[in-house]
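> Listed in order, the protein sequences are those of chains V and Z. Reminder that position 20 of the first sequence reads as 20 in my numbering, one-by-one numbering, no gaps. Reminder that position 294 of the second sequence reads as 294 in my numbering, one-by-one numbering, no gaps.
Relax, there's no trap hidden among the hints.
The list makes no distinction among identical chains, and a pair is therefore deemed to hold if it is satisfied within one copy or across any two copies.
No more than 27 Å apart at the CA atoms, straight line, and that leaves these computed lysine-lysine pairs for DSS-like:
1. 286 / 163
2. 253 / 268
3. 298 / 163
4. 242 / 262
5. 35 / 268
6. 253 / 242
7. 92 / 110
8. 295 / 133
In short, the hints are calculated from the structure, not lab data.
2 protein chains.
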Amino acid sequence: MLVTIIGGAGAMGGWFAKFFKQNGADVRIVDRSAKTPEIASSLGVDFMHVDILSQHCPSDITEDITDTDVLIISVPIDITCNVIEAVGKRMKDGTLLMDLTSVKREPVRKMLECTKDDVEILSIHPMFGPTAKSIRNQTVIFIEISGRWGKLCDKIENIFERKGARIVFMSADEHDRTMAVIQGLSHFVLLSYGITLQNLNFNVEHAREMSPLYEIFTDFVGRILHQDPELYANIQMNLDMKEIHEKFIAAAKMLSSSVLNKDEEKFKSVFLNARKHFGNTEKALKESDEIIEIKLNKR
Amino acid sequence: MLVTIIGGAGAMGGWFAKFFKQNGADVRIVDRSAKTPEIASSLGVDFMHVDILSQHCPSDITEDITDTDVLIISVPIDITCNVIEAVGKRMKDGTLLMDLTSVKREPVRKMLECTKDDVEILSIHPMFGPTAKSIRNQTVIFIEISGRWGKLCDKIENIFERKGARIVFMSADEHDRTMAVIQGLSHFVLLSYGITLQNLNFNVEHAREMSPLYEIFTDFVGRILHQDPELYANIQMNLDMKEIHEKFIAAAKMLSSSVLNKDEEKFKSVFLNARKHFGNTEKALKESDEIIEIKLNKR
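Just chain V, with the same shape it has in the complex (with noise of 0.2 Å):
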């Protein structure tokens, strides 16, 4: 099996080139970075050194980038559709167009629209950064898409699980409404506490010393700034983000004329509603005590 990845020189795109290649599989990576060549010397696979999107690529470069059993799309969100209406006219019948991306209405819609029927189509978002030491125990989510699932798809699937990845159907819009909140929100509000912890001048470090549920909270804040700040911008403004950044504003207003008009009774109300959401609660103050008390015991 023949596995191209467009974008391979990138993190994720060299991740998994890595991941296929030591499940069997040939690889080959294209890429327009100039470190293309190095970086499939040091992954060990070919490569191909070029510039999909670019107006002189000629049309026998995207033919042979499309000769090949599985072609996964590995690019920025926003030329992600891009690149599949590059590549999606040319895939041959039985081969499979898989992409990797954060988002998956568009990208999905996109490679429907763009591939021959006899095409299959395999949307995935695995739920882990380039640093993931394997993908085992992560979850990768799988997209539904109705009459595109085949062989290839099969083979994928078998190999994600063998290596023991936790597999999630889900439609696209239920992903993007799903990771809408728990990307979306998550790293909206971890990005607006980094930012007050700039504009309030701040020393991070300080926060460290104080307690293991702080130090991790701040590296989760680290940990997002420490990324491409264009996979975030991307993500941020190709989620459904109004009404939950609104929502979430609103919260923190509210909540803060509790608290500035010593409102008490307010504040109780509005935290034992948002407990009795919440569910169990117990469950969480016992995870959150072990990753503390590991925490702790590294000091």
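Using the hints, position chain Z against chain V.
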């Protein structure tokens, strides 16, 4: 050494009753809770079931309470100063008045105001909750109070150090400013997130399946929601949170508008400035990777 703990039937008071008993002190708890006798019996300590703030509390009872080597006040923040007033004046020369409150400026001022010069004062903030297994590696903030450190303070510090606590000294002002960010802002942000999950009617269990990062973040929200709303109201209402809330809400609004206007340049510049202020984001990435790895291996 007799250690008397006002509020000793509460969670933190009980934790310290046990701690001092295990470390060789005679311990007595004083509490208005109906469960006081039962809790004292389970802890194996003496008790006085009395409401020290009641108008009917006879002065010989207060006399009895202050007939101790160490008097620890472990009551809700909003009544701490009242309790200090009730007992401070009766403290005998060479004894120690101590508090565990999460805010320090007012209690310290009150302890200085209400005690004679020959009474030792120790104002500490243990940076852990009542579910902590031990004091080992836990940070305990000691407030610098000039002229009131004595041999009982030494003794308490020695016990903490022998048991492996990390003692950090700072002024009451510095403590309250630092905690307004570390505790005040992070609680505020996590609570606002919890309220938003409710207002979005989002299924919290869904977050746990996705990735350890969101699982831990969600558990932090639930951890707070599981605890006493009064404690969190008191922390918010007794620290200077106004500017901090305002700066956080302003940051969230600004970030949101950059997203909704699809102003990627603005988003990136805000992101990169926050990264610059944060400092060592690579360390944050590594530290959070380790925590994530541990959670994955538990799956």
